[in-house]
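Throw the hints in and build the complete structure from the sequences for me.
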Amino acid sequence: MKALILVGLVGSLWAAPQKPVTLKLYPAEIALSGAGASQQLLVVASGADGIDRDVTAEVQWKLSATGVANVSSSARLEAVSDGKAVLTASLAGAKAATAAVQVSNAKAARAYTFTRDISAILVKRGCNSTACHGSVKGRGGLKFSANALYPKEDYDWIVKGGGYQVLTTEVKGERIPRIDFKDPQKSLLLTKPLMVTPHGGGKRLEPGSADLQVLTDWIKAGAPFGDDTGKAPKLVKLSLVPSMAIVTMGAKHRLLVTGHFSDGHTEDFTHQVLYVPNDPDVVSVSADGLITPKTRGETAILIRAAGQVASAGVGVIGDPIVNYPAVARSNFIDQHVFEKLRRFQIVPSALSTDGEFLRRVALDLTGTLPPPNRVKDFLASKDPAKREKVIDALIASPEFVDYWTWRFADLFRVSIFTNGLSSKWAQGYWEWIRDNVERNRPYDEVARERLSAQGYSPATRHFLPYNVVGTPADTMAEEVRVFFGRRMDCAQCHNHPYENWSQDQFWGMAAFFGRMFKVGTILMDHPVNMDLSSKDVDGKIEVLHPRTKAEVKPALLDNSKFNLDPAGNPRKELAKWMTSNPYFAEAAVNRIWGLFFARGIVDPVDDFRSTNPPTHPELLAALAKDFQTNGYNLRHLMKTIVMSRTYQLAYEPNATNKHDVVNYSRSWARAIDAEVLLDAVVDVTGVQETFSTAVSDGGAVGQAPPGTRAVQLRDPDTFYSRFLELYGRANRGAVPERNARPNLGQALHMLAGATYVERLGGPDSRLGRLLKAGATNAQIIEEFYLAAYSRVPTAEETKAVEEILARRPDREAGLREFVWALISSREFAENH
Amino acid sequence: MRHRTNRREFISAGSLGFLGMSLSQYLKAAETSPAKEKGKANSVILFWLEGGPSHIDTWDPKSNSNFKAISTNVPGIRVTELLPKMAKKMDKFALVRSMHTRGTDHPQATHYAITGHEINPAMQFPSLGSIITKEMGPRNAVPPHVLVPKWDKSRQYEDYFRSAFLGGEFDPMCIPDPSRPGFQVTDLSLPKTVSEQAVEGRSEFLKIVDRRYRAMNETADHANMDAYSAQAWKMLLTPAVRDAFDMSKESEKTKEAYGKDSVGQSALLARRLVEAGSRFVTAAGYHGNSWDTHSDNDKGHKDRLCPTLDRTLTALVDDLEQRGLLETTLVVAMGEFGRTPVINPNLGRDHWPNCWSLALAGGGIKVGQVVGASDERGYNVTERVTTMGDLFATLYKALGVDWTREYMSPIGRPLKIANSLEDTTGVPVKELLG
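Read top to bottom, the protein sequences are chains A and B.
Numbering follows this note's numbering, with no gaps: position 85 of the first sequence is 85.
Heads up, this note's numbering is the position in the second sequence plus 1000, with the first residue counted as 1.
Keep in mind the hints are simulated off the structure, nothing from the lab.
Misleading hints may appear alongside valid ones.
[Stated by the list, open to error] Simulated restraints, written as ranges between beta carbons of each label pair:
id, chain 1, residue 1, chain 2, residue 2, range
1, A, 239, B, 1165, 51 to 61 Å
2, A, 183, B, 1366, 18 to 28 Å
3, B, 1400, A, 214, 44 to 54 Å
[To be verified] Only some residues are given here: those of chain A computed to face chain B with a beta carbon under 10 Å:
id, residue
4, 490
5, 666
6, 735
7, 751
8, 793
9, 827
For glycine and all other residues, C-beta sits at the position ideal for the given N, C-alpha and C.
Structure, rendered in structure tokens:
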């Protein structure tokens, strides 16, 4: 409780930054090899306030031996001659930091290669970015592989010219080399970026620059590829210091980038990469990795070198907080979230009130609002374990099963259209999902069954959109998105523009889905001895690569080996591999997390990629590990999430977290999804919704059984509901993306639509029952506040409502208007 | 990292959803002088022939049709005898007989015809109507994109007409069948049970019930909803908006000319809406795959289909002309594909996307002509293959929209707004644009 009191006070506890206590010098070991080798230096001072500051520009440098190396004015250690030394950085008031220095081969020049040197310039100058020549079809008739993923192809385009068609390997039209061997200065490779020849991409090279010299020398030397044997060490990884930089406004911070090569050696790449902040409003980054803050916030900085991408997080904070309060932690989630908040000098909001917590957790676990009597009991209970008890009760409730069946029916796309044009099939698929939820079946098992389903298994129905076998490419892209949280679709037609995924890899994966046949009404994998010419058989035996038109054999994304039984079901192998891949657990926990918070740790939840890094990588890894060690138990995962203090924080912000969006320092309001909101309107008003249905395979127009809740609709595509449309229910024709945020249609519907007009009063409504029982206005107001907001109205609120009611000529009409206002209000439409 | 816009940003960005527009756009749109747009098309009526008409039994008569070809008021152009009214007005129409498209079953072909793309479970594509609505912007206070009538039995087709990632403000407003008794557009007028006094009371309560909650943290969503509510009030209280949907304002004679069924009244409502300012209206009276004549093709075309098509399409063009709207209104009459030149054992014709026909009128289209040709029996295009991308490009150009434009999907996939075969951009049919 002490922590809570402190949280309330922090607003006034600002003070000046404290003196540094320890210095760290990066890198701690420096090996410089080759003529001209150098290493950018970084010195970080850690203060008692827990904040690291870049003090590189303030320290004194000393080398224990002379003539080995020099430290330049920009803190770059430059090799002079072979030898060893100790480098010391010192700053008044702090213990000095040291690094071991070794210089070797100081006189030996390294051989230039296209991959190492020319590609690096193309990357750093942005030539092969996806916005320019690195786009799928190139730009202005010149195509580079994005981020120099395929240097040999880039080399051919420069030296020989090229042509590119998305759908075929044929080259149409004239090939134009970008190099003029007779007159190197006239090479397009130089004149275009210098803007001597008009260039759509503008000026990219300055006369007299070192890069221009390298390019010119390379052309004069005959433009060699330089590594025809392919044995030159390749850049395999970039590493960064720090991986998360915290910068106060007005200060600066440097990033150090190290290139790791295939032969094990490392080199300083700080000056040889392209820095791109994801959000350029938060920081700018100079060409040599110096971060300058622009406004408080957080973003990722993408770092590109030829063929490699890495990202660093950066947080820009305001004045540090003195006496940052201790915050209670419930489980490992809080450890990760609160640790980052402390580094960012953001104090989390207080613990939620009981009413706030109950409404939130009931909506998130069961899609229902707690009834007024339950709210009252919960508020009155003095049991210290009451939150955990209510969580357990909610997870064990039938509403939990309804709600999560609906959520997974959305994700897995239950719909007669996508499940074989028959309500029979959609029902079977829905029942399979419900059964899995009810039994809390391990999620990896569910995934394996869905991925490899065949025969009469209801899970086959997602392979049969419109009653025909889905194309291998579409099916594969969907499975990767659902279970890996990744979008490979781009690689269907071309190498992925942002990821190291080639078109060949895409089609290798797609080929797993290339052996499915529809036999009569069921799905089979290429059955031995089947008469493939039969009229009942619908399917293809080969998957053809769209560019090369050659047959593609099934291959896993990481090229790992597997046994392909030619007569068996190849998807079993795929399912085994996918569910044991680390991507699987990460994607699953992130998807579930995203449903309990306003955003995923990776957001959107199914858009994992190197250029969209997680906000809390360690938390994501810890959740995934916990999920895996607990047998992919979804209920365990959900309980872990809702038991965390992070989840249970209050909605009300404090002075430090008002602007925080991504760090879970308080509860963010989320628009309640269509079906849940409609059910909530029904619960509050006490008037049921009637869903009109029509079965497209011949049935007559009918109605769902009375009392059916929106989340219980088995095949929502067959039910009309203006309300559900307006609040953005998912279209199950594609992997769902919902948007329940305000729009004009909602506003019109609220004012004039049936959902709101027809259920405000009447004998069977909540209002009608209260009036019949002779309730007073104050009692009615309290019951509706409990039903809609899970809280008791304040005295001020009751008074204000009573005053308006007193002025209405017709009491009942006035109360109906009050009910309308409650279910039209933001506090009602949001989960907070 | 994504940003949440705060209230101030909202006001400057001013993005509003469904049907919508920002208040400033809304006000500006009302001021736009119609004279500025004169001389080019400013709206589209898609007369949707759901199910796919038999091209050889309508606009591309062949010897393997059981119906005679008749001459028209344009020398050299002949159509089926089932379309006598059109034959007398052929100088008001252009026929394209060389459509060549994708999708062999209704969902696939409808999706292709409406979006220009094949179905892809990984993403949703914006429809032609939503693209045109986005590119042209709203006009007056009426909903810019409307589909009438909505499907009773399924919303799958309706989804194809939506705006995907473009945003809810470009989705079609889908309204009930205007030919049914008691036709009323949902949510566009206050129910009789809600008095003006009740309206006042509601807003008074709304200001106080969650004041405490909103005071904690006022978000962009809250500000948006306030703005939408204000706009919704305005729409509910603007007579012109209600009037646009008020079929009782039409004379009995006009209603009869269009036909008092779903096909006719939907087309009539489309005209009312275009007149009031809508950009793209789909008149989709032929629900239930009406044109899908897998059995008794001839009977269907003769008794049910061609007579209503002939009646309503000519009435629409006449009406638009009389009101001076024909030059600015593009009329497109088409289905999702044609039908097989060969008759099946059920005396029907099956699906045929390989070669089919459509009709265009108004909107500055060069009329009184035929574009493209098919072989002797209507199997294949022999002259001037016209793709869906070419058709889209033609419509865009007639509307003054840049047909070469590409949109970027949320995951960074570029999408051509006139997507043609083999990943090419459609090209406007120059014969049609004069």
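Using 10 Å as the Cβ threshold, decide whether residue 490 of chain A counts as touching chain B.
Hint holds; residue 490 of chain A Cβ to chain B Cβ min 6 Å, cut 10 Å.
Proposed interface contact between residue 751 of chain A and chain B, which counts if any beta carbon pair is under 10 Å
Where the cut-off is 10 Å and the nearest Cβ of chain B is about 5 Å from residue 751 of chain A, the hint holds.
Proposed interface contact between residue 735 of chain A and chain B, which counts if any beta carbon pair is under 10 Å
With a minimum Cβ separation of about 7 Å from chain B (threshold 10 Å), the hint on residue 735 of chain A holds.
For the pair residue 239 of chain A and residue 1165 of chain B, does the Cβ-Cβ distance stay inside 51 to 61 Å?
Roughly 36 Å apart at Cβ, these two residues miss the hinted range, so it is violated.
Residue 793 of chain A as an interface hint toward chain B, with CB separation required under 10 Å:
Holds, about 9 Å.
Residue 214 of chain A and residue 1400 of chain B - C-beta distance against the hinted 44 to 54 Å:
49 Å, holds
Does the nearest C-beta of chain B fall within a distance shorter than 10 Å of the C-beta of residue 666 of chain A?
9 Å, holds
Does residue 827 of chain A pass the interface check with chain B, least Cβ-Cβ distance below 10 Å?
Check passed: Cβ of residue 827 of chain A comes within 4 Å of chain B, closer than 10 Å.
Is 18 to 28 Å a correct range for the gap between the Cβ atoms of residue 183 of chain A and residue 1366 of chain B?
Cβ of residue 183 of chain A to Cβ of residue 1366 of chain B: about 53 Å, so the range 18 to 28 Å is violated.
Comparing the model with each earlier hint shows violations of hints 1, 2; every other hint is respected.
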